[in-house]
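Participant: Chains as they are written, first to last, in the numbering used here: chain Z, 1 to 139; chain R, 1 to 139.
Calculated directly from the structure, the hints in this document are not laboratory data. Keep in mind that a hint or two might mislead.
The list makes no distinction among identical chains, and a pair is therefore deemed to hold if it is satisfied within one copy or across any two copies.
Unchecked claim - Straight line, CA to CA, 16 Å or less: simulated EDC-like cross-link-like pairs of lysine to aspartate or glutamate:
id	residue 1	residue 2
1	Lys119	Asp108
2	Lys124	Asp99
3	Lys119	Asp109
4	Lys22	Asp47
There are 2 protein chains.
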Amino acid sequence: MVNQAESILKSSALSVTSSRKKIIDIFLSASTALAHQDIEKLADQYDRVTIYRTLQTFLERGIIHTIPTTDNTIKYALCSDDCISSGHHHDNHVHFLCDQCGRTLCLDDVMIPVITLPKGYSMKAINMVVNGICKLCRA
Amino acid sequence: MVNQAESILKSSALSVTSSRKKIIDIFLSASTALAHQDIEKLADQYDRVTIYRTLQTFLERGIIHTIPTTDNTIKYALCSDDCISSGHHHDNHVHFLCDQCGRTLCLDDVMIPVITLPKGYSMKAINMVVNGICKLCRA
DNA sequence: TGTAGAATGCAACTTTGTTGCAAAATACTT
DNA sequence: AAGTATTTTGCAACAAAGTTGCATTCTACA
Ligand SMILES: [Mn+2]
Ligand SMILES: [Mn+2]
Ligand SMILES: [Zn+2]
Ligand SMILES: [Zn+2]
Chain Z
1 MVNQAESILK
11 SSALSVTSSR
21 KKIIDIFLSA
31 STALAHQDIE
41 KLADQYDRVT
51 IYRTLQTFLE
61 RGIIHTIPTT
71 DNTIKYALCS
81 DDCISSGHHH
91 DNHVHFLCDQ
101 CGRTLCLDDV
111 MIPVITLPKG
121 YSMKAINMVV
131 NGICKLCRA
Chain R
1 MVNQAESILK
11 SSALSVTSSR
21 KKIIDIFLSA
31 STALAHQDIE
41 KLADQYDRVT
51 IYRTLQTFLE
61 RGIIHTIPTT
71 DNTIKYALCS
81 DDCISSGHHH
91 DNHVHFLCDQ
101 CGRTLCLDDV
111 MIPVITLPKG
121 YSMKAINMVV
131 NGICKLCRA
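Construct all of the structure, not just a fragment, from the sequences and the given hints.
Facilitator: The following block contains the structure:
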């Protein structure tokens, strides 16, 4: 287990390939969530199809999670440790989209509050996304 | 002001055209939020491009709002009266996506709870989307 | 009724996402 | 360490989604 990327792959029982390592490394060094296109540019030695399939695999294994946005682009981010380890996935933090710099951030410390649904509805997952101006743009 | 669609268009200072009326009628008679593709099918006498441009216009005027989803498809729904009337847009209800029937619903009665962002972040809009099984599918 | 300006349809195009299959790489056995 | 079953990748071809420019048509208003 020389590096973190390999360790993540092995603990998800995935074979270690250079494209998978590269994509995990990209997430590890990114401070924000990434769109498919971002990853495509940062990993341009690999085929577009490979990136689609890799992200799909990572989603299924709970290595990454998606963040819905209002502009029709899904963003992806690494799951935090406890998010991965604890049986099934629960990604219960708020996400922030900066309207100025366009960055998407996991606000890991801001929990999604509990809400009560009308009778008859059952909840399986919940997403909370805030748009606004981020810390860096404001400063 | 013969009908509701015309009345909505006029109060948004938009010229009344048959495609715009048709699209508003589709929203008025829909019980759920609609994807671009849904509207395309229900208004197939009009060009795809017209539908793109019309939805864009309606968004800008606050006639409709978008609902982000995790499957990379934006859904659109009519804004409620107070959402439209009160100066700038505030769409503060929770949305529900049924994993079984695929429908997207505005839960107009479920308000988005207030959250506190970390220092430095300012909020302009907020979205809360719940995935699960809807009332009708559960019954 | 005539006209300026706005909206639409069409064509051409770009971008995004999907699928099948052969070649290459990985993990595992001996 | 070499051989092999299995998985992953790249490529090609395709389908779907979204964009743009421009000529034509429609709408609002004088
Ligand atoms: Mn996150
Ligand atoms: Mn709504
Ligand atoms: Zn920012
Ligand atoms: Zn349902």
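Participant: Work down the list of hints and note, for each, if the structure agrees.
Facilitator: Evaluated hints:
For the identical chains of this complex, Lys119 and Asp108 are inter-copy neighbours only, at 14 Å across copies versus 30 Å inside a copy, given an alpha-carbon limit of 16 Å. With identical chains, the CA atoms of Lys124 and Asp99 are at most 16 Å apart between copies only, with a shortest distance of 9 Å across copies and 29 Å within one. In this homomeric assembly, Lys119 and Asp109 come within 16 Å of each other (Cα to Cα) only across copies, at 12 Å, whereas the closest approach inside a single copy is 30 Å. In the homo-oligomer, the alpha carbons of Lys22 and Asp47 lie at most 16 Å apart inside one protomer (13 Å), although the nearest pairing across protomers, at 43 Å, exceeds that limit.
Comparing the model with each numbered hint stated earlier shows that all of them hold.
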